[in-house]
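S.K.: Sequence:
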Amino acid sequence: MDIIAGIEMAWKVGQVLIEYCQTWKAAEEEVSDRVIIVESAWFRISKQLEFLQEINLEDQHRRILDDLVRVLVTRLSAAITLINQTLKGESEKRPALFKMMPRATKPRYLLLKSAIDDAIKEVEDWISRFDPSWYLVIRTADMTIENKLVKARESEARRASPSLKRHLRQTQTPFQAAQGLREALRPDSAPHLFLKQIDLERHKIVYSSAQTAREMNNPYAPWLIIDSVVCHPGTDPNAMARDVRALARKLTKADPLAFGLLSCKGIIKMPVDPVSGRQHASLDLVLRMPKGFESGKSLRQFLLEQHDQNNFVSLSRHVAIAKDLARSVSSVHTFKFVHKNVRPESVLLLYSAEADAHAGFLVGFDNFRAADGATNLRGDTEWDRNMYRHPSRQGEYPEEKYRMHHDIYSLGVCLLELGLHESFVSYDAVGVPQPGPLFGNFNEWLESSGHGGTWGASVFLKDYFIDMTLRKLPRFMGDKYAQIVLTCLTCLDDDSNDFGEEVDLSDRDGITLGMKFIQKILLQINELSV
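Following numbering that gives the first Met the number 0, the numbering of the sequence shown begins with 0 at its first residue and continues without gaps.
Hint data in this document are derived by calculation from the structure and do not stem from the laboratory.
One thing to keep in mind: the hints can contain errors.
Claimed, not checked - Here are the simulated lysine-lysine pairs, DSS-like style, with alpha carbons at most 25 Å apart:
#1 Lys-296 x Lys-339
#2 Lys-11 x Lys-120
#3 Lys-335 x Lys-264
As the list claims (entries may be wrong) - If you anchor each label on the Cβ, the simulated ranges turn out as follows:
#4 Phe-311 x Leu-256: 21 to 31 Å
#5 Leu-184 x Phe-311: 37 to 47 Å
#6 Asn-310 x Arg-201: 21 to 31 Å
#7 Leu-469 x Ile-197: 48 to 58 Å
#8 Leu-527 x Asn-496: 17 to 27 Å
#9 Gly-291 x Asp-198: 42 to 52 Å
#10 Gln-52 x Phe-193: 36 to 46 Å
#11 Ala-356 x Gln-14: 31 to 41 Å
#12 Lys-195 x Glu-145: 26 to 36 Å
#13 Lys-195 x Val-271: 16 to 26 Å
#14 Leu-256 x Asp-117: 21 to 31 Å
#15 Ala-352 x Leu-469: 35 to 45 Å
#16 Ile-126 x Asn-442: 38 to 48 Å
C-beta atoms are modelled at their ideal positions from N, C-alpha and C, and glycine is treated no differently.
Work out the full structure, taking the sequences as your base and the hints as a guide.
M.R.: As structure tokens, then:
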């Protein structure tokens, strides 16, 4: 199916779904609210599909989007069939069935609500799979897309019904987020980023370098997240300030719910202060707490809590966190930088009371750099950090320059840890990292696998992780999840079928790698259902 033909088919099927749902829009409030959600989701999708018809797509983008549109048609058709079957058998002479709720059969009413809920889930799941490709296409398009985005936003506002406008105002639309992404990548955007120093009430986040903070003596001030980039000895402070400013400029336009990255309010310069114990100057990124979210916990704390049966979390929650983390890594590359520090201490799980769930956001930008910026071959010997690094990037003098693939490898280690419901790292009473049980078994594995003693043993960590992925992980998370982790862990292998050397030779601006990540990792993980 050609992408244009696929979009036209999706449009037709989507309109049928909306017509089915609108028949019951005057029903009781519970059904009516659900119909508005379906309308809102379809309105969003239809605008994005219309937009794709107006821009030039590269062949690889076209193939992936074509596959996604096929999936959309299938899901919309399934939703229509389910709603139709639910209503089948009711009298066609009573089209206003739900206006007369006392006469409606309660089981039928409950089935209709359930059918629409299923339709909502199908459509929202598809959106979460589609959006990363959408934003990468927006990033790569030429300058003519700017005017098209403006016109699309105007059309979006003009054509939405009053009820849809109320619903759409609750979050950024994809066109708003897309415009923000384009602005973030312009070097002249957000000129004033450095904030004046203010007294902040700061609170540590357990097992994370980030902090929560708000203005001192102001209980009504909004909560913020502070992520410090420390100026270590030997660091060029001017180069660091330039890089942090470039990162902050990009994050000012980040929609947290679309990208899994917190929006940046600005930067505060923090000088050396021996009185408070601050030994190094830092540039503190001031990140906004997303609307409707509260202070949460680090992914490390979440993993350590899994040892306590009273803190047991469902398998579906583990999968949801894995999806959030993969989306965040994809977004880092969409915004054209590499993170270099993907590990559980760099992931915040913020709580939403309305959804009664945590959402994952990537922080810990103390080692980041621009995707096309200069890299160095300096590292460190901290074992708890090296564990999440590919063997070519471990130690004080890594063998290989950092590239996007290394973030993907680190993601694989985190997904393995999350999937095994275990923490590779624990902490003693004073906060010093200690090997967790699974990491503690590494030495035994070295002996049993014939690798001998511990000298230079860290280079075998990757093999150990792959062994656990193949032997243990499927029992906890299934074969599909294990295959995703394996794809991440082997992404730098020369014989990788998914991320081989040919990608580096032909890639332009990291786009091919980004699309491959979406295709091989993000789409696969978003298909998981528990």
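S.K.: For each hint, tell me whether it holds in the structure or not.
M.R.: These are the hints, each one checked on the structure:
1. Lys-296 x Lys-339: Holds: Lys-296 and Lys-339 sit about 21 Å apart, inside 25 Å.
2. Lys-11 x Lys-120: The given pair, whose Cα atoms are some 20 Å apart, holds under the 25 Å limit.
3. Lys-335 x Lys-264: With Cα atoms ~19 Å apart, Lys-335 and Lys-264 stay inside 25 Å; holds.
4. Phe-311 x Leu-256: 21 to 31 Å: Roughly 27 Å apart at Cβ, these two residues keep to the hinted range, so it holds.
5. Leu-184 x Phe-311: 37 to 47 Å: Since Leu-184 and Phe-311 have Cβ atoms about 43 Å apart, the given range 37 to 47 Å holds.
6. Asn-310 x Arg-201: 21 to 31 Å: 26 Å, holds
7. Leu-469 x Ile-197: 48 to 58 Å: Hint holds: Cβ distance 52 Å, inside 48 to 58 Å.
8. Leu-527 x Asn-496: 17 to 27 Å: 21 Å, holds
9. Gly-291 x Asp-198: 42 to 52 Å: 27 Å, violated
10. Gln-52 x Phe-193: 36 to 46 Å: The hinted range 36 to 46 Å holds for Gln-52 and Phe-193, with Cβ atoms some 43 Å apart.
11. Ala-356 x Gln-14: 31 to 41 Å: 32 Å, holds
12. Lys-195 x Glu-145: 26 to 36 Å: Since Lys-195 and Glu-145 have Cβ atoms about 33 Å apart, the given range 26 to 36 Å holds.
13. Lys-195 x Val-271: 16 to 26 Å: 19 Å, holds
14. Leu-256 x Asp-117: 21 to 31 Å: 23 Å, holds
15. Ala-352 x Leu-469: 35 to 45 Å: 40 Å, holds
16. Ile-126 x Asn-442: 38 to 48 Å: 46 Å, holds
Violated hint: 9 only; the structure is consistent with all others.
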